[in-house]
Amino acid sequence: MTPDLTPQFLELIRLAATDLPPDVEAALRQAVEQEEPGSAARGALETILKNVELSRANQTPICQDTGTPIFYVYHPEGWSTRKLRQQIEEAVVQATQKSYLRPNSVDSLSGKNSGNNLGGNYFPTIHFEEVEGDALTVDLMLKGGGCENVGAQYSLPYNTLKAGRDLEGVRRVVLDAVHQAQGQGCAPGILGVAIGGDRGSGYYASKEVLFRRLDDENENPELAHLEKRLTEEANQLGIGPMGFGGKTTVLGTKITALNRLPASYFVTVSYMCWAYRRRRMVWQDGNVSFE
Amino acid sequence: MRQITIPISDEVIRSLKVGDPVLLNGVMVTGRDAVHKWLVETFIYKTRPPQGDDLEVYEAIKPLLNGGGIYHCGPVVAGLDTKDYRFVAAGPTTSSREEPYQGDVMRHFNLKGVIGKGGMGAKTLQACQEVPGVYFHAIGGAASWIAQSVQRVLGVYKLDFGVPEAMWVIEVKDFPAVVTMDAHGQSQHAVIEERSRQVLEQLIGLGR
Numbered sequence: 208m209t210p211d212l213t214p215q216f217l218e219l220i221r222l223a224a225t226d227l228p229p230d231v232e233a234a235l236r237q238a239v240e241q242e243e244p245g246s247a248a249r250g251a252l253e254t255i256l257k258n259v260e261l262s263r264a265n266q267t268p269i270c271q272d273t274g275t276p277i278f279y280v281y282h283p284e285g286w287s288t289r290k291l292r293q294q295i296e297e298a299v300v301q302a303t304q305k306s307y308l309r310p311n312s313v314d315s316l317s318g319k320n321s322g323n324n325l326g327g328n329y330f331p332t333i334h335f336e337e338v339e340g341d342a343l344t345v346d347l348m349l350k351g352g353g354c355e356n357v358g359a360q361y362s363l364p365y366n367t368l369k370a371g372r373d374l375e376g377v378r379r380v381v382l383d384a385v386h387q388a389q390g391q392g393c394a395p396g397i398l399g400v401a402i403g404g405d406r407g408s409g410y411y412a413s414k415e416v417l418f419r420r421l422d423d424e425n426e427n428p429e430l431a432h433l434e435k436r437l438t439e440e441a442n443q444l445g446i447g448p449m450g451f452g453g454k455t456t457v458l459g460t461k462i463t464a465l466n467r468l469p470a471s472y473f474v475t476v477s478y479m480c481w482a483y484r485r486r487r488m489v490w491q492d493g494n495v496s497f498e
Numbered sequence: 024m025r026q027i028t029i030p031i032s033d034e035v036i037r038s039l040k041v042g043d044p045v046l047l048n049g050v051m052v053t054g055r056d057a058v059h060k061w062l063v064e065t066f067i068y069k070t071r072p073p074q075g076d077d078l079e080v081y082e083a084i085k086p087l088l089n090g091g092g093i094y095h096c097g098p099v100v101a102g103l104d105t106k107d108y109r110f111v112a113a114g115p116t117t118s119s120r121e122e123p124y125q126g127d128v129m130r131h132f133n134l135k136g137v138i139g140k141g142g143m144g145a146k147t148l149q150a151c152q153e154v155p156g157v158y159f160h161a162i163g164g165a166a167s168w169i170a171q172s173v174q175r176v177l178g179v180y181k182l183d184f185g186v187p188e189a190m191w192v193i194e195v196k197d198f199p200a201v202v203t204m205d206a207h208g209q210s211q212h213a214v215i216e217e218r219s220r221q222v223l224e225q226l227i228g229l230g231r
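Chains as they are written, first to last, in our numbering: chain A, 208 to 498; chain B, 24 to 231.
Everything labelled a hint here was simulated from the structure, so no lab data went into it.
Please read all numbers here as calculations on a predicted model, not as lab measurements.
One should not assume that every hint holds.
[What the hints assert, rightly or not] The following residues of chain A were derived to be distant from chain B, with all beta-carbon distances above 12 Å:
# : residue
1 : E337
2 : L430
3 : L468
[Stated by the list, open to error] Simulated crosslink set (PhoX-like; lysine-lysine; CA at most 25 Å straight-line):
# : chain 1 : residue 1 : chain 2 : residue 2
4 : B       : K85       : B       : K69
5 : A       : K257      : B       : K196
6 : B       : K40       : A       : K305
7 : A       : K454      : B       : K40
No residue lacks a Cβ here, since even glycine has one placed at the ideal position from N, Cα and C.
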């Protein structure tokens, strides 16, 4: 019933690690043009683009920190998630052997690196969801530690920034998170923002929203407006690529809203580095496509 | 672009200024979180007795770090099974995590160059003035590009820390970086942090 898709999962990992998605590359190319000729900011973006081309041509990782592999698996009724997990784990091991992934899974108590990117139920991270129809869709994100470390969660009201429980409060704390991050999350970054939820679901959703394409528009007009405004204002901060100063601090902002408890109003920001490695695989009737 | 050869003399270090783009040449050693903690606890604060090959490794790295450079990097390395090591991807990791240790490591080993990304804080800047030393900012995420400047892997220490955390001794040619903290007390990171804080306060109407 559940076919063996290990080679396809390996290809998904290879693509994600070595081939930056076209929408991200286009945004970086646009950003270069905005920076002053001869500036450190422009130089950084030019190097970044040369690296993107080289990684694609040589099938080598765009960034050495190949991050936590985060899989979102949307499967038809009747598929075995146990078998899919085994296949994904096997593909992760093979990808590590082929140097598409760096061995990144470290035992938090002993400090020992497992060497093959496996370790417990959370490495790699795999979310399963059953969907209607007969297609299997697998989204993969590789999120490095540098940008993960500058993520932030605020509990509103947050008085230091005079941030209340409304979209103006959201705006204030998100800009603060960008300022706190400076260049350390490998700017220019992409902001995934979740309003509401609890501390766990907020972080989950703030990553999930990063699967949206950079050039799409939020269906909610209020959030669409806030996304644009936050991107513009974050760029006014002048942090610039790598924190060198410059016009490009973030490439885009994606916001989602979750229901919350009356007592809680969390704003969660996941910062994604410019090496925005996310890819999708769709399997249907024995045919596989990647995007 | 200015060529810098490792080991670096005090004279060259003092001639470098924030904003200078450089190409690094010579032998450097990778070292990040586990290495800094281990060096400081075992050999500088001595809160932990040397174990296993600790002393042997210490003697081996001393001449490499004297006047040399440490690179905050956890590389992707091919050839692990044959020990015919080759760097596949080797961009910088975030340096600020080494802020508690870096200044002491610089002083202890006479370390001249710290190479990483994101910049470091006041303690490291102070050490840059004393030793003297500079912080070289490499381009974060440009891992395949930077790996091309790694000519050879000369050896590895503390591989039991794991591939990303080990000390890889590498010979580099035309390794691209920008000086963002110099030996004269200047830090590009402090300037940008302050400037962007002022803009932030305007944008959210604080301080009025």
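How the hints compare with the structure:
Its beta-carbon lying about 35 Å from the closest one in chain B, A/E337 satisfies the requirement of being farther than 12 Å from that chain. At roughly 19 Å from the closest C-beta of chain B, the C-beta of A/L430 stays outside 12 Å, upholding its exclusion from the interface. The Cβ of A/L468 lies farther than 12 Å from every Cβ of chain B, with a closest approach of about 26 Å, so its non-interface assignment holds. Straight-line distance between C-alpha atoms of B/K85 and B/K69 comes to about 16 Å, which keeps the hinted pair within the 25 Å bound.
In summary, the hint linking A/K257 to B/K196 is supported, as the alpha carbons are separated by about 18 Å, within the 25 Å threshold. The straight-line distance between the Cα atoms of B/K40 and A/K305 is roughly 41 Å, outside the 25 Å bound, and the hint therefore fails. Using a Cα cut-off of 25 Å, the hinted pair A/K454 and B/K40 holds, with the two alpha carbons roughly 23 Å apart.
Taken one by one, the earlier hints fail for this structure only at number 6.
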